[in-house]
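Same order as they appear, the protein sequences are chains H and A.
No gaps in the numbering here: position 127 of the first sequence is 686 in this note's numbering, and each next residue is one more.
No gaps in the numbering here: position 396 of the second sequence is 890 in this note's numbering, and each next residue is one more.
Since the hints were made in silico from the structure, they are not lab data.
Glycine included, C-beta positions come from ideal geometry on N, C-alpha and C.
Among the hints, erroneous ones may be present.
What follows is a set of in silico ranges between Cβ atoms, one per label pair, in the way DEER data are often shown [to be verified]:
| hint | chain 1 | residue 1 | chain 2 | residue 2 | range |
| --- | --- | --- | --- | --- | --- |
| 1 | H | Glu660 | A | Gly532 | 21 to 27 Å |
| 2 | A | Arg515 | H | Glu660 | 47 to 53 Å |
| 3 | A | Ser901 | H | Arg588 | 23 to 29 Å |
| 4 | H | Gly563 | A | Lys614 | 34 to 40 Å |
Okay, here's what each chain looks like letter by letter:
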Amino acid sequence: MAYGPKIIEHYEKPRNVGNFGTTAEVKNRKDIGVGVVGAPECGDVMQLQIKVNQSTGVIEDAKFKCFGCGSAIASSSLATEWLKGKSLDQAAEIKNTQIVEELSLPPVKIHCSVLAEDAIRAALEDYKTKNGVASSAAATAH
Amino acid sequence: MTTPALPIYLDHAATTPCDPRVVEAMLPYFTTLYGNPGSRNHSFGWDAEHGVDTAREQVAALIGADEKEVVFTSGATESNNIAIRGAALMYEKNPAGSGKPRGHIITCIIEHKAVLDPCKRLQKEGFEVTFLEPPADGIVTADMVKNAMRDDTILVSIMWANNEIGTINQIREIGKLCHERGVVFHTDGTQWVGKMPTNVEADNIDLMSFSGHKIYGPKGVGGLFVRRRKPRIRLTSIVDGGGQERGFRSGTLNVTGIVGLGKACEIAKAQMADDAARLGVLRKHLEDSVTAQLDHCQINGHREKRLPHLTNISFGFVEGESLMMAVKEIACSSGSACTSASLEPSYVLKSIGVGDELAHSSLRLSLGRQTTREQVDYTVNAVVKAVRKLRELSPLYDMHNEGIDLSKVQWAHH
Chain H
560 MAYGPKIIEH YEKPRNVGNF GTTAEVKNRK DIGVGVVGAP ECGDVMQLQI KVNQSTGVIE
620 DAKFKCFGCG SAIASSSLAT EWLKGKSLDQ AAEIKNTQIV EELSLPPVKI HCSVLAEDAI
680 RAALEDYKTK NGVASSAAAT AH
Chain A
495 MTTPALPIYL DHAATTPCDP RVVEAMLPYF TTLYGNPGSR NHSFGWDAEH GVDTAREQVA
555 ALIGADEKEV VFTSGATESN NIAIRGAALM YEKNPAGSGK PRGHIITCII EHKAVLDPCK
615 RLQKEGFEVT FLEPPADGIV TADMVKNAMR DDTILVSIMW ANNEIGTINQ IREIGKLCHE
675 RGVVFHTDGT QWVGKMPTNV EADNIDLMSF SGHKIYGPKG VGGLFVRRRK PRIRLTSIVD
735 GGGQERGFRS GTLNVTGIVG LGKACEIAKA QMADDAARLG VLRKHLEDSV TAQLDHCQIN
795 GHREKRLPHL TNISFGFVEG ESLMMAVKEI ACSSGSACTS ASLEPSYVLK SIGVGDELAH
855 SSLRLSLGRQ TTREQVDYTV NAVVKAVRKL RELSPLYDMH NEGIDLSKVQ WAHH
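With the hints as extra help, turn the sequences into a complete structure.
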C-alpha cells in the first residue's frame with residue numbers, strides 16, 4: 560500500500576504511545592477514561608486512554624496503543640494529539656472524516672478512522688460512566 | 495556487520511528476477527528471429543520454430559517428459575484453467591442439462607485461486623467438488639484423497655507445494671492412487687517445478703502447470719504438461735482458434751517468452767540441487783535467529799515437508815501490514831488482511847487453523863538464487879527490531895503480559 564507522507568510520519572514517530580497504568584489500575588481511576596475497540600481477528604485493536612482534569616473537565620493528556628495496520632496506528636496517534644486540551648464536549652465532536660482528511664487515508668483504510676472515532680467515544684463514555692456524568696452525546700454505534 | 499544493498503528482495507515465491515542468460519537467449523527472437531513459428535514456408539518461420547523446439551526439449555528434460563507432452567501457455571493460471579476445465583468437460587459423466595451431476599472433482603481448500611476459482615465455476619455448472627481441508631501441518635495426503643474418492647470422481651487437482659507456507663503434498667502417492675482408479679490427476683507445480691526434482695513418470699502425473707517467472711524466466715509464459723500415453727489425456731479446448739499447441743492452446747506462440755522459459759529450465763536443471771541445499775541452510779539460519787530473539791513466534795506449516803527456500807512466520811501481538819511497513823527495505827509478503835484487496839486475512843493460514851490474529855501477523859519470506867547470508871542477517875535484525883517496536887505499541891502484548899487471556903476478552907466486533 561502506497562501511503563501519504565502524513566500517515567508514514569505518524570507511523571514512524573507515533574505521538575503519545577503508552578498508558579496511565581495497567582488495565583486493572585486504570586479501571587479504578589476516576590480521572591481516566593479508557594476506550595478499547597476492535598478485535599484481534601479483525602486485525603485492529605485500538606486502546607485510547609484520556610486523563611481528564613476533574614475540576615475543569617479538560618482532557619489534559621491522552622495515550623494510545625494500537626495493534627493494527629499503519630493507518631490504524633496513524634489514526635490513533637493523531638486522535639491523541641487532537642484530544643489534548645479539548646473539553647469532553649469538544650472531543651465528542653471529532654469526526655472520522657476529519658481524520659481521513661488530515662491523513663489522506665485511502666478509501667480501503669477509512670475503517671481505521673471510524674475505529675479511532677469509536678475509540679474516542681468509548682473513552683469519553685467510560686469517563687462519564689465512572690463519574691456519573693450524563694452522556695451529552697450518545698455514542699453512535701457502527 | 496556490513497550492510498547489504500537495499501532494498502532486499504525476499505519475495506521469490508511471488509516472482510524472481512530474470513536470469514541474464516535467459517534474457518540473452520531471448521534477445522535475438524525480438525529483432526532478428528522474429529518469425530511466426532506457424533509460418534511453414536519461409537526461413538523466418540523455421541528459425542522461430544527451431545527456437546520453440548529447443549525450448550520444448552529443455553522443458554521436457556527438466557520434468558522428465560516427452561517434448562510432445564509440453565504445451566506452452568501464458569502462465570500457470572492459464573495452464574490451470576486449460577487443465578481443470580478442459581479435463582472436466584472432456585471426462586464428464588453426464589452432459590450439461592441432463593439434471594444429473596456431471597462428475598466429481600477433488601481439490602483442496604488451500605490451493606491457489608487459479609485452481610479454486612475454475613473449480614467453483616464448474617461447481618456452478620453442475621459438477622460436484624470436494625475441497626479437502628488439510629490439518630494444521632498443511633499437508634494433503636493420499637489417504638485424504640482416497641477417502642474423498644467416489645465412483646463418479648473424474649479429476650483430482652492438488653498443488654505440489656503451497657505458495658504461502660511451502661508445504662509439500664504427497665504428490666507421487668496421490669498420482670498412484672489416481673492411476674489405480676482411472677482418475678485424471680492434475681497438479682499445480684508453480685512453486686515446485688524448477689526448484690525441486692520433478693519426474694512426471696515416477697511422480698504419476700497426468701497434467702502439470704508451471705510458470706516461467708517463478709524460475710528466473712520471463713513473465714507471461716508458462717506451460718502445461720499433458721500426458722500422451724498410459725493414459726493418454728484429452729482435454730476439451732477452452733480457447734479456440736488456429737489450433738496451435740496440438741489444439742490445446744490456440745494463439746500465435748510467445749516465441750521470446752518460450753525461448754526464455756526453455757533457457758530458465760535448462761539452468762534450473764543444472765543449478766536447482768545446489769540452490770536448494772544452500773537456501774535450506776540460509777532459511778534455517780533465518781528461522782533459528784528470529785525465534786532465538788523473539789518469543790511468541792510460530793512457523794506455519796509442516797516443519798520438514800516444505801520447500802527449502804520459503805518460511806512463513808507469525809509474530810504474536812503485531813499486525814502484518816504494519817510489520818511490513820517497519821521493514822520496508824525488505825520486500826516480502828504478509829498474510830495480513832490489510833495487504834490484500836479483500837480485507838480478509840490469508841485463507842490458507844486460516845484453513846490450517848492458524849488463529850485469525852496470528853494470520854494477520856504473518857510474514858512470508860522466500861529466498862532465491864541471489865540471496866546472501868548478509869541479506870538474511872540484515873533481515874533478521876530488521877524483523878526483530880520491528881517486532882519489538884510494534885509490541886511496545888501493542889495493547890494486546892500489554893494485556894498478555896498482564897496475564898489477560900486474549901481469547902476470553904469480549905471484543906467489540908465491528
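Item to check | Hint check, failures only | outcome: 1
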